[in-house]
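Using the sequences provided together with the hints, build the complete structure.
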Amino acid sequence: MKYVLLIMNTPLAGTLSPDEFSAWNGEIFAWYDKYTSNGKLADSGHQLDDVSTAKTIRGTTVTDGPFIEAKEVVGGYSVLEADTIEEAVEIAKTWPGVDRGLITLEVRPVVEQPAM
Amino acid sequence: MRYAMLIIGEEDDWSALSPAEVDAEMARIYAWLEKWSAKIDEGGAELDSVKTAKTIRNGIVTDGPYIEAKEVVGGIIFLHTDTIDEAAAIAAEWPGVESGRAMVEIRPTILR
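Chains D and R, in that order, are what the protein sequence lines are. If you count the first sequence from 1, position 59 lands on 64 in my numbering, and the numbers rise without skipping. If you count the second sequence from 1, position 38 lands on 318 in my numbering, and the numbers rise without skipping.
Among these hints, one or two may not hold up.
List time: in silico DSSO-like cross-link candidates among lysine-lysine, alpha-carbon distance up to 27 Å [stated by the list, open to error]:
id	chain 1	residue 1	chain 2	residue 2
1	R	Lys331	D	Lys76
2	R	Lys331	D	Lys45
3	D	Lys39	D	Lys7
To be clear, the hints were calculated from the coordinates, so they are not data collected in a lab. All figures in this text were calculated on a predicted structure; none of them were measured in a lab.
Next comes the structure, spelled out in structure tokens:
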């Protein structure tokens, strides 16, 4: 089964010093290396640019900014391969900084559609 | 440039549709995917209901999505276009956007 990890930046991440931030980035790269090599990462996904760069299309209107104003915003997306959502959650708990509140993660099953 | 297209809507809207209406909507979605296949990058996914989500915050796991909202992310598609405006024009054709049933957020992705 595939599970999406929605990776939310929290306000706390913005309080890190440049040194703390680059150390944290190092942990994140190591995490992606580890889970890519052990086959648990189906797709490392993408980091999204800042919400200030977003455009939202509602009806026929395009507006600048995200669809929702929130403290925690989606900053990235990855896909895990796991047997159960519990296994996906266990992996997600090891995402660097989630224990320290730098990041909030949402884990959600992927819906597999029949081939087009 | 690569852009993420977050597809957002109310889940209840889907459950209110009849099976025939769901089929018709899916046919429109498949037609959109086919029309824009040259602009779509790998890595997109349709997400299951937010009711199935688990959220991990400060190391604590809770049931449900990270934010309670009427409109929720239901899928992600990656587009490859020259500009964000081109991506926005393609996204505006996503079935249901014009009628207001769905909306789309477009965001540039960061290449590592």
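Going down the list of hints, with the structure as the test:
no.: 1; hint: R/Lys331 - D/Lys76; verdict: 21 Å, holds
no.: 2; hint: R/Lys331 - D/Lys45; verdict: 24 Å, holds
no.: 3; hint: D/Lys39 - D/Lys7; verdict: 18 Å, holds
When each numbered hint is compared with the structure, no violation occurs for any of them.
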